[in-house]
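Protein chains: 2
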Amino acid sequence: MSVTAAKGFTAAGIAAGIKENGNPDLALVVNNGPRRAAAGVFTSNRVKAAPVLWSEQVLKAGLLSAVVLNSGGANACTGPKGFQDTHATAEKAAEALNIGAGEVAVCSTGLIGVLLPMDKLLPGVETAAAQLSEHGGEKAAIAIKTTDTVHKTSVVTKDGWTVGGMAKGAGMLAPGLATMLVVLTTDADLDSDALDKALRAATRTTFDRVDSDGCMSTNDTVLLLASGAAEVTPAYEEFAEAVRTVCDDLGQQLIRDAEGASKDIKVEVINAATEDDAVEVGRSIARNNLLKCAIHGEDPNWGRVLSAIGTTSAAFEPDRLNVAINGVWVCKNGGVGEDRDQVDMRYREVHIVADLAAGSETATIWTNDLTADYVHENSAYSS
Amino acid sequence: MSVTAAKGFTAAGIAAGIKENGNPDLALVVNNGPRRAAAGVFTSNRVKAAPVLWSEQVLKAGLLSAVVLNSGGANACTGPKGFQDTHATAEKAAEALNIGAGEVAVCSTGLIGVLLPMDKLLPGVETAAAQLSEHGGEKAAIAIKTTDTVHKTSVVTKDGWTVGGMAKGAGMLAPGLATMLVVLTTDADLDSDALDKALRAATRTTFDRVDSDGCMSTNDTVLLLASGAAEVTPAYEEFAEAVRTVCDDLGQQLIRDAEGASKDIKVEVINAATEDDAVEVGRSIARNNLLKCAIHGEDPNWGRVLSAIGTTSAAFEPDRLNVAINGVWVCKNGGVGEDRDQVDMRYREVHIVADLAAGSETATIWTNDLTADYVHENSAYSS
Chain A
1 MSVTAAKGFT
11 AAGIAAGIKE
21 NGNPDLALVV
31 NNGPRRAAAG
41 VFTSNRVKAA
51 PVLWSEQVLK
61 AGLLSAVVLN
71 SGGANACTGP
81 KGFQDTHATA
91 EKAAEALNIG
101 AGEVAVCSTG
111 LIGVLLPMDK
121 LLPGVETAAA
131 QLSEHGGEKA
141 AIAIKTTDTV
151 HKTSVVTKDG
161 WTVGGMAKGA
171 GMLAPGLATM
181 LVVLTTDADL
191 DSDALDKALR
201 AATRTTFDRV
211 DSDGCMSTND
221 TVLLLASGAA
231 EVTPAYEEFA
241 EAVRTVCDDL
251 GQQLIRDAEG
261 ASKDIKVEVI
271 NAATEDDAVE
281 VGRSIARNNL
291 LKCAIHGEDP
301 NWGRVLSAIG
311 TTSAAFEPDR
321 LNVAINGVWV
331 CKNGGVGEDR
341 DQVDMRYREV
351 HIVADLAAGS
361 ETATIWTNDL
371 TADYVHENSA
381 YSS
Chain B
1 MSVTAAKGFT
11 AAGIAAGIKE
21 NGNPDLALVV
31 NNGPRRAAAG
41 VFTSNRVKAA
51 PVLWSEQVLK
61 AGLLSAVVLN
71 SGGANACTGP
81 KGFQDTHATA
91 EKAAEALNIG
101 AGEVAVCSTG
111 LIGVLLPMDK
121 LLPGVETAAA
131 QLSEHGGEKA
141 AIAIKTTDTV
151 HKTSVVTKDG
161 WTVGGMAKGA
171 GMLAPGLATM
181 LVVLTTDADL
191 DSDALDKALR
201 AATRTTFDRV
211 DSDGCMSTND
221 TVLLLASGAA
231 EVTPAYEEFA
241 EAVRTVCDDL
251 GQQLIRDAEG
261 ASKDIKVEVI
271 NAATEDDAVE
281 VGRSIARNNL
291 LKCAIHGEDP
301 NWGRVLSAIG
311 TTSAAFEPDR
321 LNVAINGVWV
331 CKNGGVGEDR
341 DQVDMRYREV
351 HIVADLAAGS
361 ETATIWTNDL
371 TADYVHENSA
381 YSS
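Protein sequence lines correspond, in order, to chains A and B.
As numbered in full-length UniProt numbering, residues 1 to 383 make up the first sequence, in order.
As numbered in full-length UniProt numbering, residues 1 to 383 make up the second sequence, in order.
Hints in this document: simulated from the structure, not taken from any laboratory.
Keep in mind it's a predicted model, so treat the numbers as computed, not measured.
Not the full set, but computed from the structure, chain A residues with beta-carbon under 7 Å of chain B:
{"#": "1", "residue": "N45"}
{"#": "2", "residue": "R46"}
{"#": "3", "residue": "V47"}
{"#": "4", "residue": "D213"}
{"#": "5", "residue": "T218"}
{"#": "6", "residue": "C293"}
{"#": "7", "residue": "L306"}
{"#": "8", "residue": "T311"}
{"#": "9", "residue": "G334"}
{"#": "10", "residue": "L370"}
{"#": "11", "residue": "T371"}
{"#": "12", "residue": "A372"}
{"#": "13", "residue": "V375"}
{"#": "14", "residue": "N378"}
{"#": "15", "residue": "A380"}
Below, in silico cross-link-like pairs of lysine to aspartate or glutamate (DMTMM-like), each with a Cα-Cα straight-line distance of 25 Å or less:
{"#": "16", "chain 1": "B", "residue 1": "K81", "chain 2": "A", "residue 2": "D339"}
{"#": "17", "chain 1": "B", "residue 1": "K60", "chain 2": "A", "residue 2": "E317"}
{"#": "18", "chain 1": "A", "residue 1": "K120", "chain 2": "B", "residue 2": "D339"}
{"#": "19", "chain 1": "B", "residue 1": "K81", "chain 2": "A", "residue 2": "E338"}
{"#": "20", "chain 1": "A", "residue 1": "K81", "chain 2": "B", "residue 2": "E338"}
{"#": "21", "chain 1": "B", "residue 1": "K81", "chain 2": "A", "residue 2": "D341"}
{"#": "22", "chain 1": "A", "residue 1": "K81", "chain 2": "B", "residue 2": "E317"}
{"#": "23", "chain 1": "A", "residue 1": "K81", "chain 2": "B", "residue 2": "D341"}
{"#": "24", "chain 1": "B", "residue 1": "K120", "chain 2": "A", "residue 2": "D339"}
{"#": "25", "chain 1": "B", "residue 1": "K81", "chain 2": "A", "residue 2": "D355"}
{"#": "26", "chain 1": "A", "residue 1": "K263", "chain 2": "B", "residue 2": "E377"}
{"#": "27", "chain 1": "B", "residue 1": "K263", "chain 2": "A", "residue 2": "E377"}
{"#": "28", "chain 1": "A", "residue 1": "K60", "chain 2": "B", "residue 2": "D319"}
Label pairs and their computed distance ranges (CB to CB):
{"#": "29", "chain 1": "A", "residue 1": "M345", "chain 2": "B", "residue 2": "T157", "range": "47 to 57 Å"}
{"#": "30", "chain 1": "B", "residue 1": "G79", "chain 2": "A", "residue 2": "M345", "range": "20 to 30 Å"}
{"#": "31", "chain 1": "A", "residue 1": "S262", "chain 2": "B", "residue 2": "E95", "range": "47 to 57 Å"}
{"#": "32", "chain 1": "B", "residue 1": "E275", "chain 2": "A", "residue 2": "A235", "range": "50 to 60 Å"}
{"#": "33", "chain 1": "B", "residue 1": "E317", "chain 2": "A", "residue 2": "Q84", "range": "16 to 26 Å"}
{"#": "34", "chain 1": "A", "residue 1": "H135", "chain 2": "B", "residue 2": "S360", "range": "57 to 67 Å"}
{"#": "35", "chain 1": "A", "residue 1": "M345", "chain 2": "B", "residue 2": "L115", "range": "16 to 26 Å"}
{"#": "36", "chain 1": "B", "residue 1": "W329", "chain 2": "A", "residue 2": "D373", "range": "26 to 36 Å"}
{"#": "37", "chain 1": "A", "residue 1": "D373", "chain 2": "B", "residue 2": "G327", "range": "30 to 40 Å"}
{"#": "38", "chain 1": "B", "residue 1": "E298", "chain 2": "A", "residue 2": "G79", "range": "24 to 34 Å"}
All C-beta atoms in this analysis are idealised placements derived from N, C-alpha and C, irrespective of residue type, glycine included.
Only chain A is shown next, with the shape it has when bound in the complex (with noise of 0.2 Å):
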């Protein structure tokens, strides 16, 4: 149901000819009201692409009555052509749904330091806006794949409201593999500061946490706009509760569908001084290429594992940290543990606890493994 499935938002996703192969590479969501409150997180790589440095600007009013997103070209990397290509997405979309351009975000993503070709793109938000339907949500999910090789939505209905979402990539915010673009609808009748609020501590813990390669995008976006159509004003709480399960839910879509992994490695740092340990010790272990081959090819190298947690500065003994992989602790005392011959690994989900036994803080990285088809997939062709 994705993006659709709040009251008050229609969407459609359609070809317009930016992708060579003719796949649907357009995609746009209005809110229709009647609040139309917004909130967004963006990519915090120094080199941003214009749609992110327009729909930054946009966002600080709060407020967002539509969203153009394409595939087949992330218009980074393209000067002031490249801005004004993004402004005239907005202007193009704000005169057929006759709002004002400044109410529009406009996402992008596929190849870097490319133009858009916009003799299709102008057209292609026309053709957009006259197929808006309150079913399109499954075909602008559809529009903005990239790589990815199935369409991710998510929903979450609570006592008369609603929270859903679409995303593309496989990916993380901050930092980010490919380009992960996130739109998120809700029905909820809640303002700007609230839907902010909710986003950050959401994508905090979800999208903050995903780490398929540890490359960060110059594109990643995730947005949250809300109707009011539910005419429902749930508490705080919930609501943001509602945001974070859509996002985990996405996040771990996104995981799922990472460009050639085999195995989703959920990484687990127990016993940390504080989250922020927890978090640094996740991602160095998340980001070893050489652990990441190793989960590859089913072997339960615990070394890999003490030499990533090593080269961070999160509060350790190397002598009393414990390390189970699958259920059983193969390192124990920095030392050599339970006999790795029983760690089961002929799954897909892999799961690595980090027991840094140095106070009671958690937190929990996913990652995918390293394989061949990885590098063929990045090698192969240019994206």
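With the hints as your guide, set chain B onto chain A.
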């Protein structure tokens, strides 16, 4: 000529049976004096192997008479028993050479988390001591190989004195890949303070700037031993330059033999505000898996270079960045530059220049591409 190119040194390399395939796995390097000054640089990983903990302690006196090196096992994360084994190894060498154990450094490389077969290693030390020779440098270099396809040696001879050395591994010091072990010898007559200063200066701009896969070893060690046998005390600057030349040569040999690599990538960062900025940016580019895959595919994907620069805290303005790949300025002022089709990517060496346009400092980091062979080599078996 390796570690026996300089006068005053003998060495041996034998098969002690530590490796199950019967390949050479134990090396011994002995400084016969008259001087026995030494300096060392070790991994900055906080999880340090037993031989690193031992050798760091031994080096505090600035004196080394011998180095025992084994492949076939890293003796890392092996607890108190692992440290006892390292100690016993030094004791055995001391006994065979009639010196003190506190004058013997130990280096190990191989799988983490496995105890060494001391019943094979200790007799091996005796055998090696019996085979010490002024021509043993080559055999010693061969005995420390693990996944290395070739052994690595380098020699610089100046006016009456020599600096020579051997290395194994495909990585770097801090952080480092797999295990890098390096032993350098000189017959110049210098004290340990001069050796330490020259060694740290040399490694900072050579091994420290070789970044094969961003993974830091628990065992990295670089030792420099001086015999004084040439009875010449060179000017410090001349000596330091010779040490730097040997380190640079060995570092290049490590990159050229990096696991699975098909391209050697020179990342040169220019016009940085500070040298630290240049190193940070160079490392970020060198560690970007997506870029490393693109280079493997002979794709001059400069967008991934900018995306990597954008994750750093270095001083720069996104719209002033320039990037050249193999001499073609494919990115100018943060946007599209010269035609990327002009970039010739057919050769093994790839030269990336990142111009930060923020100052006048520079740094060069060496890395390699990410290939399916790297994945295979690090997933098909434990290492």
